[in-house]
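Undergrad: Chains as they are written, first to last, in numbering that gives the first Met the number 0: chain A, 0 to 128; chain B, 0 to 492; chain C, 0 to 450.
Mixed in with the good hints, there may be bad ones.
Listed next, the in silico DSSO-like pairs over lysine-lysine satisfying Cα-Cα at most 27 Å (straight line) [as the list claims (entries may be wrong)]: (1) C:K322 with A:K47; (2) C:K378 with B:K168; (3) A:K62 with C:K322; (4) A:K47 with A:K10; (5) B:K265 with A:K51; (6) B:K235 with B:K168; (7) C:K378 with A:K51; (8) B:K265 with B:K168; (9) C:K365 with A:K51; (10) A:K51 with A:K10; (11) C:K378 with A:K10; (12) A:K10 with A:K48; (13) A:K48 with C:K424; (14) B:K265 with B:K235; (15) C:K322 with C:K378; (16) B:K168 with B:K243; (17) C:K151 with A:K47; (18) C:K322 with A:K48; (19) A:K51 with A:K120; (20) C:K322 with B:K168; (21) C:K378 with C:K365; (22) C:K322 with C:K348.
Source of the hints: derived by calculation from the structure; they are not laboratory data.
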Amino acid sequence: MAQPNDRLYTKTHEWIILAGGEATAGITQYAQEQLGDVVFVELPAPGKKVEKGAALGNIESVKAVSEVFAPMAGEVSMTNGELETHPELVNQDPYGQGWLVRLRVAPGAADGLMDAAAYEKFLAEEGAH
Amino acid sequence: MSETRMLREREGLIFERSSAGRVGYQLPPLEVPQVDPASTVPAGLLRGEIDGLPEVSEVDVMRHFTRLSKWNYSLDEGMYPLGSCTMKYNPRINEEVVRLAGLAQLHPLQPADQVQGALALMWQLEQALIAVTGMARVTLQPAAGAHGELTGMLMIRKALAARGEHRGKVLIPDSAHGTNPASAVFAGFETVEVASTPQGTLDLAAVARHLGGGDVAALMVTVPNTLGVFEPEIVKAAAMLHEKGAFLYMDGANLNAFVGIALPGKMGADALHINLHKTFSTPHGGGGPGAGPVAVSQALVPHLPVPMVEREGDRYTLAYDRPGTIGKVRGFYGNFGMLVRALAYIRSLGRDGLKSMAEGAVLNANYLRTRLEGDYHLPYDGPSLHEVVFDDSIQAAAGVRNIDIAKRLLDYGFHPPTMSFPLIVHGALMIEPTESEGIDELDAFVAAMKAIAREAREEPDLVRGAPYSTPVRRLDEVRAARQPVLRWRRPDD
Amino acid sequence: MHRYQAGQGDRRAMLDAVGCASVDELFVSIPAEVRCGALDLPPARSEEEVRREFWAYAGANAAPECFASFLGAGVYRHVTPAVADALLQRGEFFTAYTPYQPEVSQGTLQAIFEFQTYVCQLTELDVANASLYDGATAVVEAVLMAARTLPKRRRVVVAGTLHPDWRAVLETYCEPMGIAITQAGWGGDGRVDAGALERLLGDDVCAVVVASPNFLGVVEDLPALGKAIAAAGALGVHAVAEATSLGMLAPGGRFGFDVVCGELQAFGIPAAFGGPLLGFFAARQSHLRQMPGRLVGETADSAGRRGYVLTLSTREQHIRRAKATSNICTNHGLMALAATIVLSLLGKKGVREVALASHAKAEYVKAGLRAQGAGSRAKLAFPESPTYNEFLLLHDDPDGLLARLKAEGILGGVSTIRFGAAWPKGILVAATEQNTREECDRLLDALQRLA
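Next up, chain A with everything else stripped away, as it sits in the complex (with noise of 0.2 Å):
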């Protein structure tokens, strides 16, 4: 399937749009496809300050838990309450409703991320579509 033209990606399979110095993550449909029914989101508190790759919480679901990685460096501004009793719109809208957090990023932290395209082709060599 066709990846949202409108944001960029990275290898551990988390997307983020960019607008005014904030950047919104979430995780793709392939991912949310691999980890089957979200049970449960674990994601820091705002103010944490996380490094390019660094853990940046988790999602479980029945049978597995998968760390979320942080797509670039910044500091956390704010997270999506709605998980907290939804956990479910990871599955049923992963570039929207089921977003994760939003990051307060510097300039140029999203260098090096894939643009749809790429990801795409990404996850074909992976053996994935």
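Given chain A, work out where chains B and C should sit, using these hints.
TA: Frame of chain A; chains B and C shown alone:
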């Protein structure tokens, strides 16, 4: 809900049976003066009757739990081909002897001269496990396999400290049981995962590279490994570790494959836990208790937990004065009730019976492998010992996964094999029949598996909707995790 | 061939199917250098021979049932209803596996759900797990949970009146985790010194462990301690060794403790020379995701029928591996079932009755000792302090006294000598509803003459 369901199917919770005024147990008359607790204990520390505890009769209790029991599959009823669990027959003579007066109610703090029989029994079990493993001594204290793993890793840590060394890392293959890394972490180590070779075995070159760093305390391996295949280079691995001053921890979950045929002591193991509830027939009890004695090499003997049972002449004692000990890992001396059962089993089998146990386990597994390898895919084709790992890749083409196969097996009256372990096999079906099964039970299992393979091709929806004939249908595990309800509450709470 | 294994005919047929002439061919993957000859063990024994061997072991012990027994110090003899063992001997319960396939394990799962409910009711806390190994390891799990919850706090404060074996196990586990243990001593009343405990509190303390009734049998002031612990921001852990005390004494859950845990053996589990026993663990709802051990939850099946499953498994080792909340896999499920059956039989009235009767029997013995007056060489250590069913009798040769009592058919209690010099010399005496008045009178009479 239809009222034509059988009574046993409609049984609710014990709390829902409660009816004011019913009593389930009656004490003899008090005979001493009644005491109002408010006269002996400050009022603020007291409580009254506990709201919510049920009031049911003895008949209620008998009915309730009898009905519950009928919803359970159990080993008495049929095979559990669960890889890595070694679900073998639980002999009844073990249950009889553990209930003998003089064993069942013995208090652990009675003086040694009052418990010579218990200490003798423990000593005999240790000797038997020494004979089976070829190692130096055995602690009977750990309550389970994972507990034994932690104990073994604590001893290794202590041995290193005694040499003035602190090494932070433990190497663990990616095929290992989850308790291995968890136990290593609770023993204060950092775990380093070592990828298996394409054959699913230990990658010696990778181990050597890690050892070069100088910070490796131990390697934890399962022998045979979690694919049921003997680690061909285990002796070499042990030598490499010892040469660098590191230790070999052996997970004994698969011991049933080679008792009486090979000795972990000769493989170079420094610590090995033994699951009495696997290899030595003690019952699983719906989840436990088990027992996880740990056999050790000479190097770790000084660090064994206290107390150890010692014998001088014909007198037995509990020895606490062991300067290098890691201390205690649980209250008292071990799951004595399981130790009794295990020794009774070892005595029942004897030296020849134990060897034929391993032979039978390996033959039965290979029989199933031969009969099923046309219908199910073998991800690794090395020689199987006591268990064989298939995967669901043939059936997955029709959208049928290992969990569907498992649920459909329930309709055929079998407990499914172990699934989703080891992690290195996607869609795993790990089958371990044990030596308890005769060819008729195995053939019935084969017939069921073949039928399901055919159903997966011809009627995949049927398999995916299973089970149909169990007391409950497939349960919503997602709901249970999203909205946890972990206790009963009165409707008006 | 052996009676627990398949026969020669089976073996022959299977070897043919596999294409081997003998079983030896199936072991070629095992190299010669690790092989062994015949095991150094006796030959197989018939059932009758096994029976006799174990009669001999049993016969060489002093079975408490044959004595007037007042043994406690962590393991207590209470009711053993006939129904309990009759149900536990059902193969559907004791030969069943862990309920990983819930559709064929509803008996086990529902019984555990009921067990979890009982533990919540006894402790007045929100959530309980499906059992741990024993009281000592339950306290360990509580402290480790506190350390995970408050990761910057690396110290635990332990009341000096905690069972010394439980303290020893805590040391074994805390050392590799880098958790320091500091201890608050106890005062002349046999209770933890509250002032000393408060002085030890600080913002580096993750947990405070208080036992009540404590090792000396004394009931602690849980409300006051609970307040102080909460004010320091640490997790309060109420450790219980004598579970029937919860029939009469209010649990830590009522006084702000985060965890009530310990040993449930007293509710019908045989002493069994110290194992298997029954660890229990209950905590506040907020600790749910950090809780150790298995949890059973309610759900429904595809036909809408209520059912039970193991849940929140992502905390556990088989999924979380190195980051699990505990390494526990096998628990003590059958013992949890035993306690569930006994608690059901006792019910609302019986749980209280057992507690009151145990308390009354102990008070009767204490009153008798007081009446013997100052002349007795066995003195109550804390005559003014509240106890439940156990108390310390001071004596300068407890082992000698116990030997003399045994000669008269009385197991008078547990000597404190074994626990080291930190404890006053004497005997811990525990009475329960199982002790008859006649036994209590014999004990009093014997103590008067033999102390």
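Undergrad: Now, for every hint given, state plainly whether the structure supports it.
TA: Status of the hints after comparison with the structure:
Of the supplied pair hints, the one linking K322 (chain C) and K47 (chain A) holds, its CA atoms being roughly 21 Å apart against a limit of 27 Å. Distance check on the hinted pair: K378 (chain C) and K168 (chain B) sit about 54 Å apart at the alpha-carbon level, beyond 27 Å; violated. Taken as a hint, the K62 (chain A) and K322 (chain C) pair is honoured in the structure, with Cα atoms around 15 Å apart against an allowance of 27 Å. Simply put, K47 (chain A) and K10 (chain A) have alpha-carbon atoms about 23 Å apart, close enough for the 27 Å limit, and the pair holds.
Distance restraint check for K265 (chain B) and K51 (chain A): the Cα-Cα separation of roughly 48 Å exceeds the 27 Å cut-off, and the hinted pair is therefore not satisfied. Taking the CA atoms of K235 (chain B) and K168 (chain B), the gap is about 20 Å. The hint holds against a cut of 27 Å. The straight-line distance between the Cα atoms of K378 (chain C) and K51 (chain A) is roughly 69 Å, outside the 27 Å bound, and the hint therefore fails. Among the hinted pairs, K265 (chain B) with K168 (chain B) is consistent with the structure: their alpha-carbon atoms are about 25 Å apart, no more than 27 Å.
Restraint check for K365 (chain C) and K51 (chain A): the C-alpha separation of about 68 Å exceeds 27 Å, so the hint is violated. Our distance criterion of 27 Å between C-alpha atoms is met by K51 (chain A) and K10 (chain A), whose separation comes to about 12 Å. Distance restraint check for K378 (chain C) and K10 (chain A): the Cα-Cα separation of roughly 74 Å exceeds the 27 Å cut-off, and the hinted pair is therefore not satisfied. Note on K10 (chain A) and K48 (chain A): the hinted pairing holds, with a Cα-Cα distance of about 21 Å set against a maximum of 27 Å.
The suggested pairing of K48 (chain A) with K424 (chain C) is violated, with an alpha-carbon distance near 57 Å, which exceeds 27 Å. The hinted pair formed by K265 (chain B) and K235 (chain B) meets the criterion: a straight-line CA distance of about 11 Å does not exceed 27 Å. Taking the CA atoms of K322 (chain C) and K378 (chain C), the gap is about 51 Å. The hint is violated against a cut of 27 Å. The hinted pair formed by K168 (chain B) and K243 (chain B) meets the criterion: a straight-line CA distance of about 13 Å does not exceed 27 Å.
The suggested pairing of K151 (chain C) with K47 (chain A) holds, with an alpha-carbon distance near 16 Å, which does not exceed 27 Å. Of the supplied pair hints, the one linking K322 (chain C) and K48 (chain A) holds, its CA atoms being roughly 22 Å apart against a limit of 27 Å. For the proposed pair K51 (chain A) and K120 (chain A), the alpha carbon gap of about 22 Å is at most 27 Å, so the pair holds. Distance hint between K322 (chain C) and K168 (chain B) is fulfilled; the C-alpha atoms sit about 15 Å from each other, no more than 27 Å.
For the proposed pair K378 (chain C) and K365 (chain C), the alpha carbon gap of about 10 Å is at most 27 Å, so the pair holds. Taken as a hint, the K322 (chain C) and K348 (chain C) pair is broken in the structure, with Cα atoms around 43 Å apart against an allowance of 27 Å.
When held up to the earlier numbered hints, the structure conflicts with 2, 5, 7, 9, 11, 13, 15, 22 and fits the remainder.
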